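> Next come the chains, spelled out residue by residue.
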Amino acid sequence: MISFKGFLRRFLSDPVAIGAGLVLLVLVLMAVLAPFLAPQDPYDLMQLDIMDSELPPSWKPGGDERFWLGTDAQGRGVFSTIMYGTGISLLIGIGAVIVQAVLGVTLGLIAGYKGGWIDSFLMRLADIQLSLSTLMMAIIALALFQAAFDANIYADYAIVMLIMVIGIAEWPKFARTVRSSVLGERKKEYVDAARVIGLPPRKIMWGHILPNTLTPVLVISTIQVAEAIMIEASLSFLGLGMPVDRPSLGSLIRSGFEFIFSGSWWITLYPAIVLVALILALNLLGDWLRDVLNPKLRRGED
Amino acid sequence: MTTGPIIETRGLEVRFPLPTHFLSRQKPVLHALNGVDIAISPGETFCVVGESGCGKTTLGRAIMGLLEPSAGEILFRGQRIDGMDETTRKPIRRDMQMVFQNPYASLNPRRNVYETLAEPVRHLMPEKSPAELRQQVEEVLDATGCDPSWQRRLPHEFSGGQRQRIAIARALVTNPAFIVADEPISALDVSIQAQILNLLTDLQGERGLTYLFITHDLSVVEHFGTRVAVMYLGAVMELAPAETIFDNPKHPYTRLLLDAIPKLEGGSFDKPRTPGELPDPVNPPPGCPFAPRCPMAEDLCRRDRPRLRELPNGTHAACHFAE
Amino acid sequence: MPMLEVQDLHVAFPQGRKSEVEALRGVDLTLEKGERLGVVGESGAGKSMLAFAILNLIAEPGRVSKGRIMFHGQNLLDLPERDIRALRGNRISMIFQDPMVTLNPVLSIGTQMMETLRAHRRISGAEARALCIAKLREVAIPSPESRLDAYPHELSGGLRQRVVIAIALLTDPELIIADEPTTALDVTIQAEIMALILKLCRENDVALILITHDLGVVAEVTERLMIMYAGKCVETGATDAIIKAPHHPYSAGLLRALPQNAARGTRLYQIPGSMPPITALPTGCAYHPRCARATALCKAEIPPLENGAACFHPLTAPEEVP
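Chains as they are written, first to last, in the working numbering: chain G, 1 to 302; chain R, 1 to 323; chain H, 1 to 322.
Read the hints as simulated data drawn from the structure, not as lab findings.
A hint or two may mislead.
Stated by the list, open to error - Which bits of chain R does chain G cover? Going by a derived footprint, with three or more residues having C-beta under 8 angstroms, they are:
id	stretch
1	39–45
2	49–60
3	64–72
Unchecked claim - With a cut-off of at most 25 angstroms between alpha-carbon atoms, the simulated PhoX-like pairs for lysine-lysine come out as follows:
id	chain 1	residue 1	chain 2	residue 2
4	G	K60	G	K114
5	G	K187	R	K90
6	R	K128	G	K114
7	R	K271	H	K299
8	R	K128	G	K203
9	G	K188	G	K203
10	G	K5	G	K114
11	H	K33	R	K271
12	H	K18	H	K66
13	R	K271	H	K66
14	H	K33	H	K199
15	G	K114	G	K187
16	H	K66	R	K263
17	G	K187	G	K173
18	G	K187	G	K203
19	G	K188	R	K263
20	H	K18	G	K5
21	G	K173	G	K60
22	H	K299	R	K263
23	R	K90	R	K128
24	G	K188	G	K173
25	G	K203	R	K263
26	G	K114	R	K271
Fair warning: this is a prediction, and the values are worked out from it, not measured in the lab.
C-beta: ideal position from N, C-alpha, C; glycine also.
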């Protein structure tokens with residue numbers, strides 16, 4: 001256990017953690033405040049002018065003062081679309097992780113506490129799920145969905161679909177982590193003490209065991225958000241993710257990809273830099289959290 | 001209320017199936033308890049001693065309902081409690097509580113002291129009002145020598161001895177009559193052990209508690225116990241009042257145990273000893289379980305398992321040659 | 001010249017970024033050839049730290065901040081790591097609490113024994129094997145030839161600890177440091193192992209430092225005794241003398257708290273409170289908050305170790321225990 005004060009002290013004494021935290025903070029603020037800060041609303045077709053398409057960044061010859069990082073093929077400012085796109089990527093990443101965590105924690109808790117055939121069944125299910133690649137399953141599900149409904153309906157439900165598909169495909173990671181810590185906690189005497197009182201298994205699982213397994217859940221949540229954003233970006237890059245008129249970072253990279261060879265490198269490069277920064281920051285924070293929260297790696301503190 | 005024993009076991013057996021490959025034809029079974037009959041009278045401190053693997057902890061856990069017995073009966077005040085459904089058992093749980101060995105694992109690290117102590121009352125005595133609950137928790141904290149200011153603090157803020165006091169308070173908060181204490185002092189430092197033993201003695205005097213005290217430490221038994229059961233490989237080898245067992249041990253295993261206690265006067269370790277090990281509990285020998293280590297064992301011992309029988313001085317011993 | 005002489009040993013651990021806390025606060029110790037010394041204390045008293053410091057095995061970020069460890073007149077703290085390694089497991093052996101941790105689970109007993117042997121001796125494989133079998137026989141392991149090929153998990157706890165002792169004896173050390181060697185074992189096995197250690201030390205004239213919390217074990221095995229409290233030695237002297245008539249109130253309290261020393265059915269004597277952590281030591285004598293004899297002097301100054309006890313108000317007669 002680590003107190004909040006100790007946690008803060010550790011954070012402030014680690015330059016990597018501060019750096020990653022700052023990058024993440026800037027990106028999240030940028031995404032949340034996009035409607036107020038962005039010079040342009042890329043969703044509003046009235047603000048777009050096809051004459052502004054493929055303008056280079058403002059400091060380049062031919063650049064326009066209004067578009068700091070240039071524009072894409074439809075005349076949207078790259079800087080504004082990145083701000084909105086980061087928001088969509090984060091929304092899908094966090095949403096998918098919430099779905100993963102709810103499914104995975106519940107199933108992992110039940111598997112670990114009940115044991116026996118329930119455990120074997122759930123864990124074999126997890127094995128099967130993990131042996132099919134997430135990307136492959138997502139591609140099949142989304143391709144079917146795209147084929148079954150027309151483009152408008154698809155555009156409306158794309159975010160929900162992506163969250164559900166990525167969420168359902170990745171639950172075994174949470175389930176396995178939670179199950180293994182439940183197996184460790186279940187043997188501890190405080191669980192026996194609760195059973196001596198006669199508490200029903202439901203209360204022991206949720207009230208006693210679950211709170212003691214949340215530390216690893218917190219750590220993998222951070223890393224899984226990065227993972228989910230990556231998957232979403234890959235799907236969007238393949239044309240199966242967010243539609244071009246509501247772009248995520250992945251669809252932005254894809255939309256610019258066609259223009260790289262015609263010299264408009266900025267449409268792809270800048271969203272890609274933001275994506276890399278976001279993933280790196282999340283992964284570094286996840287690693288740092290794991291080190292801090294793992295009592296085996298900590299000495300003489302707290 | 002009856003004057004009979006508060007806890008009684010009759011032919012209690014616990015077997016654990018060992019994990020095997022699902023294609024394997026053998027079904028090996030570990031005999032953790034092998035026909036245990038004990039009866040504990042109200043107000044007693046009944047000690048169970050033995051080495052690891054002798055089944056003493058299994059006995060305590062079976063009585064508390066943490067393990068299902070494979071055969072035999074467990075009775076609380078003459079009422080059979082093994083296999084009882086939860087609604088009938090609930091009022092009985094109030095009267096039976098347990099103190100565990102490791103105070104670092106027996107308190108939920110995420111719950112403060114008040115929550116830990118309030119839970120048994122909330123669950124087992126739902127008729128109590130919040131004010132009564134608070135009063136009950138404060139009373140039990142006071143009785144176990146805990147400071148009332150501890151209530152809002154988490155277990156990691158306390159030392160081992162303080163935690164064990166809190167764990168004892170949790171066991172006492174529903175005012176039980178019977179407590180199973182499973183090695184309650186063996187994880188504590190020497191100077192703290194005396195504090196906890198004194199606390200248990202005081203509480204017994206104040207509340208008329210009955211203890212089932214499980215330990216490997218014979219010097220504690222000698223000081224603390226009224227009756228002692230010595231266990232070996234899932235069976236009771238000798239059962240006698242504490243004074244008798246220390247002054248006049250009848251079973252050769254009891255003698256071996258007593259000889260092994262290091263003494264302040266010295267002399268216990270002077271003669272070399274041959275290695276003795278517990279026989280495999282999965283395939284126990286057919287005769288007396290202690291025969292392979294016993295200096296007096298004869299063919300009879302390796303063939304026939306001795307039953308627990310009463311000797312002239314009132315001691316019960318499971319040995320063909322004890323007298 | 002004594003075989004081992006520890007002078008004013010301090011071990012410090014960093015706390016936070018600037019300050020340090022001391023786990024050992026000035027410990028002196030002398031040990032002659034073949035002498036058996038018991039080090040007794042509660043958890044956190046620094047007794048294991050002392051053993052690790054002598055072997056130069058203090059884990060980072062801890063360090064020996066002051067003092068000398070003289071082994072045959074040579075300061076071990078000045079020796080390069082290579083020379084220390086040549087001493088460790090050779091002239092000084094160590095037996096740890098848990099044999100399962102000391103033994104490598106994936107190597108056979110024979111492999112581990114021969115590895116130890118050949119790290120310090122130039123001998124042939126056949127000679128090494130013969131020596132290993134001889135040592136296993138010496139620690140009374142039945143059918144030693146077949147046990148050489150066994151893996152640690154195939155042996156019981158008692159046999160594993162015997163193997164650890166056999167490994168410790170392989171190189172005919174002059175000093176064995178045993179850190180709670182029987183705490184994980186049952187009483188009957190403890191008696192076997194301690195009887196074995198005692199016999200081997202006597203026969204081979206090996207010195208022993210036995211670290212334990214059990215005064216009974218110390219009384220049985222050792223000639224001299226050192227009682228530690230909060231990183232300092234509070235009392236030292238001949239074992240039977242201290243057990244009969246302790247001078248420091250803490251030693252007296254520990255002895256009186258033992259159930260063996262109280263009449264059946266009475267309350268035990270108890271020392272109030274618990275040992276302070278090294279991060280929150282009181283001023284003066286670290287024991288004064290728990291001590292009935294403490295005065296203003298005890299709160300102000302740290303008592304020096306004089307006439308065997310580090311106390312301003314030592315007990316003079318055994319019945320005088322507070």
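> Now look at each hint and say whether the structure bears it out.
Verification of the hints:
1. 39–45: Violated - the stretch 39–45 of chain R has 0 residues with a Cβ nearer than 8 angstroms to chain G, which falls short of three.
2. 49–60: violated (count 0)
3. 64–72: holds (count 3)
4. K60/G with K114/G: 64 angstroms, violated
5. K187/G with K90/R: 23 angstroms, holds
6. K128/R with K114/G: 32 angstroms, violated
7. K271/R with K299/H: 47 angstroms, violated
8. K128/R with K203/G: The given pair, whose Cα atoms are some 20 angstroms apart, holds under the 25 angstroms limit.
9. K188/G with K203/G: Holds, at about 16 angstroms.
10. K5/G with K114/G: Violated: K5/G and K114/G sit about 37 angstroms apart, past 25 angstroms.
11. K33/H with K271/R: 23 angstroms, holds
12. K18/H with K66/H: 18 angstroms, holds
13. K271/R with K66/H: Since the Cα atoms of K271/R and K66/H sit roughly 42 angstroms apart, the hinted pair is violated (cutoff 25 angstroms).
14. K33/H with K199/H: Distance of about 16 angstroms is within 25 angstroms: holds.
15. K114/G with K187/G: Distance of about 13 angstroms is within 25 angstroms: holds.
16. K66/H with K263/R: Violated, at roughly 37 angstroms.
17. K187/G with K173/G: The hint holds at about 22 angstroms.
18. K187/G with K203/G: 16 angstroms, holds
19. K188/G with K263/R: With Cα atoms ~34 angstroms apart, K188/G and K263/R exceed 25 angstroms; violated.
20. K18/H with K5/G: Holds. K18/H to K5/G sits at ~18 angstroms (cutoff 25 angstroms).
21. K173/G with K60/G: 46 angstroms, violated
22. K299/H with K263/R: Not OK: K299/H and K263/R at ~35 angstroms, beyond 25 angstroms, violated.
23. K90/R with K128/R: 15 angstroms, holds
24. K188/G with K173/G: 24 angstroms, holds
25. K203/G with K263/R: The hint is violated at about 48 angstroms.
26. K114/G with K271/R: 51 angstroms, violated
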